[in-house]
Amino acid sequence: MSDIRVSPEKLTAFCKQVLTAAGIPERDSEIIADSLVHANLTGVHSHGVSKLNDYLVRLDNNLVTKETNITVVSETPTTALLDAGNGWGQIVSQKAVDVAVKKAKEYGSSWVGVRNSNHYGTAAYWTAQIAAQGMIGISMTNTSPVMVPFGSKVPTLGTNPISIAVPSPSGKPIMLDMATSNQARGKITLASKMGKPIPTDWAITVDGRETSDPHEALKGSLLPFGGAKGSGLAIMVDILTGVLTGALYGSQIPRFYDDPVPQNLGHMFAALDVSAMMPLDTFLERMAEKERETRESAPAKGFDKVYMPGDLEYARAEEARKNGIVLSSEIHNELLSAARRYGANVTLVD
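Counting in the working numbering, the sequence shown runs from 47 upward without gaps.
Keep in mind that the hints are not guaranteed to be accurate.
[Stated by the list, open to error] Cut-off 20 angstroms, straight-line C-alpha distance, at most; resulting in silico cross-link-like pairs (EDC-like, lysine to aspartate or glutamate):
1) K351 / E337
2) K351 / E335
3) K199 / D253
4) K368 / D49
Source of the hints: derived by calculation from the structure; they are not laboratory data.
Starting from the given sequences, assemble the full structure and let the hints guide the process.
Here it is as structure tokens:
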């Protein structure tokens with residue numbers, strides 16, 4: 047079977063119906079499905095619908111609850127700490143973003159932490175919502191310990207991604223979304239599912255050797271980007287999301303695929319209302335100049351164009367909305383198998 051193309055709307059409806067059939071509340075299913083398809087839209091396929099079956103396996107094994115019961119652990123006018131009750135990362139993250147935006151509108155800025163959570167999709171999905179409110183958004187999460195700290199051969203860090211989104215006069219936020227590893231572990235998992243090799247600077251084997259085999263890489267450890275820089279940033283994200291919130295952190299966190307216990311992940315969200323610093327219109331005028339300066343700078347040898355963070359993802363999303371999201375035959379079959387397992391009468395190809 048060859049690759050297929052599916053409209054974002056149809057793919058979202060498919061995922062929502064499967065999640066609902068699995069017993070997840072309809073509104074929650076909609077949020078989870080939308081976050082997964084958003085990842086595919088922007089080309090981050092490792093965090094897209096290829097995760098659906100992985101989520102459902104964890105649900106089947108009682109490693110995540112069907113309903114997400116959120117409690118407020120502590121709160122001040124500008125901060126809050128939420129407990130997800132081992133529910134869905136996307137559901138508690140939506141609540142956290144809503145709280146962060148509300149507080150920032152009233153007080154100028156806010157920080158909202160989350161504990162006892164699960165995988166929350168892409169960090170950019172959350173910061174985009176904050177930026178849409180005329181605010182600078184920050185989102186980060188810790189993850190399973192699959193990456194070695196700089197100078198170590200023992201994986202005690204997650205890929206610990208971080209996103210920062212800034213309002214833009216175009217209406218499309220300037221969007222940084224990055225793992226602190228050379229590549230997200232999900233990309234190696236996706237390569238493994240598709241039977242494709244990986245670059246040798248993504249990971250090392252159990253005994254510390256370079257490898258292009260995704261199966262060996264998944265048994266081994268990821269490498270931080272930029273050596274000590276990526277390692278240091280990953281540690282700081284782990285402190286903010288894990289140590290500070292009361293979630294698990296570092297080597298305490300169970301592995302997503304291998305350990306049959308809840309993960310208790312931590313997230314952190316921040317919102318800064320631009321108007322607390324200067325009028326939003328003034329800021330957007332200054333941003334227009336900053337964007338022009340960057341995009342119109344002369345490309346170096348080997349480059350055709352200079353981009354702002356997020357430009358490539360927006361281009362991919364535009365192409366996917368026009369022509370459909372590409373799904374490999376392996377992922378297509380996996381999705382259909384998940385639908386059959388829960389008795390969801392849905393297909394992706396007419």
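Against the structure, the hints:
A C-alpha spacing of about 13 angstroms is found between K351 and E337, which places the hinted pair at or below 20 angstroms, so the restraint holds. Between K351 and E335, the direct Cα distance comes to roughly 17 angstroms. Compliance with the 20 angstroms bound is thereby established for this hinted pair. Proximity of K199 to D253 is assessed by CA-CA distance (about 8 angstroms); at most 20 angstroms being required, the pair is judged to hold. At roughly 17 angstroms between alpha-carbon atoms, K368 and D49 fall within 20 angstroms of each other, so this suggested pair holds.
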